[in-house]
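> Sequence:
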Amino acid sequence: MWLKPEEVLLKNALKLWVTQKSSCYFILQRRRGHGEGGGRLTGRLVGALDAVLDSNARVAPFRILLQVPGSQVYSPIACGELLSGSDVYWAIATGATLEEINQHWDWLEQNLLHTLSVFDNKDDIASFVKGKVKALIAEETSSRLAEQEEEPEKFREALVKFEARFNFPEAEKLVTYYSCCCWKGRVPRQGWLYLSINHLCFYSFFLGKELKLIVPWVDIQKLERTSNVFLTDTIRITTQNKERDFSMFLNLDEVFKIMEQLADVTLRRLLDNEVFDLDPDLQEPSQITKRDLEARAQNEFFRAFFRLPRQEKLHAVVDCSLWTPFSRCHTVGRMFTSDRYICFASKEDGCCNVILPLREVVSIEKMEDTSLLPNPVIVSIRSKMAFQFIELKDRDNLVGSLLVRLQRVHANHPVHYDTSQDEDMTSPVFHSTSMCGDHKFGDLEMVSSQNSEESEKEKSPRLHPEALISVFQQSGSQSPDLRMSREQIKISLWNDHFVEYGRTVCMFRTEKIRKLVAMGIPESLRGKLWLLFSDAVTDLASHPGYYGNLVEESMGKCCLVTEEIERDLHRSLPEHPAFQNETGIAALRRVLTAYAHRNPKIGYCQSMNILTSVLLLYAKEEEAFWLLVAVCERMLPDYFNHRVIGAQVDQSVFEELIKEHLPELAEHMNDLSALASISLSWFLTLFLSIMPLESAVSVVDCFFYDGIKAIFQLGLAVLEANAEGLCSSKDDGQALMVLSRFLDHIKNEDSPGPSVGSHHAFFSDDQEPYPVTDIADLIRDSYEKFGDQSVEQIEHLRCKHRIRVLQGHEDTTKQNVLRVVTPEVSILPEDLEELYDLFKREHMMSCYWEQPRPVAPRHDPSRPYAEQYRIDVRQFTHLFQLVSPWTCGAHTEILAERTFRLLDDNMDHLIEFKAFVSCLDVMYNGEMNEKIKLLYRLHIPPALTENDRDSQSPLKNPLLSTSRPLVFGKSNGDAVDYQKQLKQMIKDLAKEKDKTEKELPKMSQREFIQFCKTLYSMFHEDPEENELYQAIATVTTLLLQIGEVGQRSSSSGSCSQEGGEELRASALSPDQDSVFADNNAGKIPQDSRTFTEEVEGDWTVSLEHILASLLTEQSLVNFFEKPLDIKSKLENAKINQYSLKTFEMSRQSQPELKLSNV
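Numbering-wise (our numbering), the sequence shown opens with residue 1 and increments by one.
One should not assume that every hint holds.
[Said to hold, decoys possible] Simulated pairs of lysine-lysine, BS3-like, Cα-Cα distance not exceeding 30 Å: (1) 1129 with 212; (2) 998 with 933; (3) 914 with 814; (4) 814 with 1129; (5) 1134 with 1122; (6) 313 with 257; (7) 222 with 1134; (8) 290 with 212; (9) 601 with 313; (10) 209 with 242; (11) 914 with 1134; (12) 1122 with 212; (13) 933 with 184; (14) 1122 with 933; (15) 730 with 747.
[Unchecked claim] Quick list of the computed label-pair ranges, beta carbon to beta carbon: (16) 155 with 642: 38 to 48 Å; (17) 677 with 328: 43 to 53 Å; (18) 400 with 571: 48 to 58 Å; (19) 571 with 242: 42 to 52 Å; (20) 833 with 400: 22 to 32 Å; (21) 339 with 492: 37 to 47 Å; (22) 349 with 4: 21 to 31 Å; (23) 1140 with 905: 34 to 44 Å.
Hints listed in this document are in silico derivations from the structure and should not be mistaken for laboratory results.
Glycine included, every Cβ here is placed at the ideal spot set by N, Cα and C.
Construct the complete structure from the given sequences, taking the supplied hints into account.
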């Protein structure tokens, strides 16, 4: 990679670098310790020195230096490092591999080496080379995105290595890769980091040792940049059990941003799909590229900075300058263009921002290019304002694309015109260009056609026509003259500001307007300015009649959401007269119900009623609805759902800001989660529920102008003002009292209305006087002390903490599921945790690589904890093969399918973790009769079906005989007669049977044969295999004879129960021929008389018959009662789960590959 030339002093540098090649003007060097056999210690020492010096050279083992003969000045073109000394070089290039640096060397030899000899002046040589290298850097930068899009040869080579090393299915797409070191303790392992759509992978082959590391993004609990003793900048990945450090990246900032984006996208896609709407470019994970992730990061910053709808897609970011008439100069900044907006942000934070909705734009024109105004573009809007942009690169293409989008916007949302001005800004659509010739306050953008308005009124339900505050105005304790004079002063200041900076949504937004907002917006302007600052006015103008239709569709419908709304209506600002009568309550009901109808994902959440009540006080009903839309869907994303993920993320961010800005308070309060829980209502209700109303609306003013940043900084100001009291508090209750008392005594001296206490005031009647804080002073302090947080910083913190919050919810789900399951099974809690992780990972792997099937839905966090992760039969079979102790060779898959059908009680083709573990618990820890009962149930319906697949087993060779001996000789010559023993066992089992338990149906002969096959398969490769085969042969013969006796008894129809027992006893006659003619016990005889076909009739055996028969053989009893080790199975499963899954998927795809090759 070419570098911007920089001086490098070479005194003592030869101890760190070895010269590989040299010429008259250039030197190629290799870092000591790199590529040396046995140079491991040297490399580590050099790496440690790099860390101490905080050098970028530590990650580039090769570099090229420019040396001018006769001069001590050199220039490293590839990589450089500043060391003390007198000899100076210029670093102009670096390389991670010898091949890469040789390409740069060859280019220099072919293109520059012969040219440099013509220069007489040595300084000219240095200037020429440096200029050439800078040109190469610019060319590389301009073509970098195009190269990534085309997937150059290097990426394809890396992709081949990635697929070969990790053997993932084709669906696991590689996004990008980097060279780096993975630290194991204090030892670094040089290798390659591969970032794919679902996994972070690392591969290293060093000194004959291969290291493979696979970390799913959904397992990452923390992703952060840290420093340690050896390295000053490291990326640390934290999972449930381990921390891993990666370092020595060429561009650590880029790597961290890509990792953060991938982790965020994957976690939200797989763990938070309840409310997460992916960008269209990211809807298909297999199509995600590095460029898509970079574009997503830019999109999110753009939408957060200008607080635009989530659907808005950024198209271009262009450096430019904008003419600002209030400063009489051009302000340097950047233009952002999207589907429906043109935005501008100055380079200096807060200096000047502009938002131009395309529906407000009349024309976009290119002006004549001059030396004073290079590449100018004029954007004219409906209020007869014009915005002049200059220094726009690629102006023609930019203007062309803007005109296309402008035409599309106007075609989709035609603007209504009016012939009169609306001084009060009450109607929902903007003025036309002919309406805005002067600077009256009526020049704000909302008027519509009278005919259109009248027709809408006829069709739509009756809505409240004005803000409630104008109808239910209260008189304050101050004199009317004083109250009105303060209000008039504010209105005058705002009107002066409108004249200079504009009054529509397209106004210049500067530090001056922020100061006016902090002072408090006049009540007469509050609702309209909220509409402008939030850009809800654009939604209002773009959807005429939308709200009325929603009200008409939603009113009168009764559901759980409407019941919740009705319950909370009378709890919404009950102190205010507007909500003490049906007028205000009816308007509140309509807005909340309409929004729930519009957005069923959110529906209705507590705290929405308080926020909407305040919106209705200062805005018309329809305006309040669109303000609510702006708050819920873009200004407070993910706040209003049943898990309030957004609010929890911001609480976590708030904790970090407390540690950064108020370290003494953070040190005293070791557990900041208490403060976070106290401050949750601050964020959910924007302080409306815990401050007097007249003070809290000033907070809402700041929120609509500055977004969530205003709440963060005000929260910090509140904590700082109460730091002493909080530090002296002994518990959370005292801390809550300190903050509640302070917040309840925040007043607004400029409010024209009376004081309305907070909804949850703790101290309404204080016995002792408490100092009053003015809200304007508190807001001013918050801006002065904590206003340095930028939108970019807040969004970065949100992304960082969202990972922790989502993983916290996963931990909660896991703990709740285990709490329910643990008392019901005998598996140890630590083993249950391992099983849960395997169960969840199996579900996730299917989400990674398989197309969603109707039977196996994605993770749904809105379901009860136990039902959030469920698996289908394919996933269950894979897990069964990994952890079940009943392995039956080729028969295992069939047994797994039968087990799944047995556990699927509701026949929805999915089972939960509880059912899965309960089955395993019987297999590992159940008594013999429980295990036999489970096996029995696996071989009768519904587990065994008519179309059940058969499998290869020893029973393919017929061996079931009804002519087997029931008397066997012991080694000492004594004979054992099982006749009386078996009869007694059957009677005892019948007596002990629980009468409340539903009796299992008897097993048919076909089902019994399948049962025997399973037993034979289970005994395969057991150390006592021969003895078990002999025992089961005896038992099956006995059971077949019992079944035949029962069949004959059933067919005669005249045998009593006692007679049936006698028949069974007669079947146990010792006068029969021997089954085994040779001395090889356990082997299957080929010449015995066999049972080759089913006999017509009701041949059946019961569970009691089978259990009693099995109990007669000690070897079978020992087999089913021997202790089983689940820990070894779990360890093996953790190691092999991925490899077996990928092998299975590659095996399934082989036929398709063969077909495609034909």
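> All hints, please: hold or fail.
So, going through the hints one by one against the coordinates:
no.	hint	verdict
1	1129 with 212	22 Å, holds
2	998 with 933	13 Å, holds
3	914 with 814	12 Å, holds
4	814 with 1129	21 Å, holds
5	1134 with 1122	24 Å, holds
6	313 with 257	20 Å, holds
7	222 with 1134	22 Å, holds
8	290 with 212	23 Å, holds
9	601 with 313	22 Å, holds
10	209 with 242	21 Å, holds
11	914 with 1134	20 Å, holds
12	1122 with 212	37 Å, violated
13	933 with 184	50 Å, violated
14	1122 with 933	17 Å, holds
15	730 with 747	28 Å, holds
16	155 with 642: 38 to 48 Å	42 Å, holds
17	677 with 328: 43 to 53 Å	51 Å, holds
18	400 with 571: 48 to 58 Å	55 Å, holds
19	571 with 242: 42 to 52 Å	48 Å, holds
20	833 with 400: 22 to 32 Å	59 Å, violated
21	339 with 492: 37 to 47 Å	39 Å, holds
22	349 with 4: 21 to 31 Å	26 Å, holds
23	1140 with 905: 34 to 44 Å	28 Å, violated
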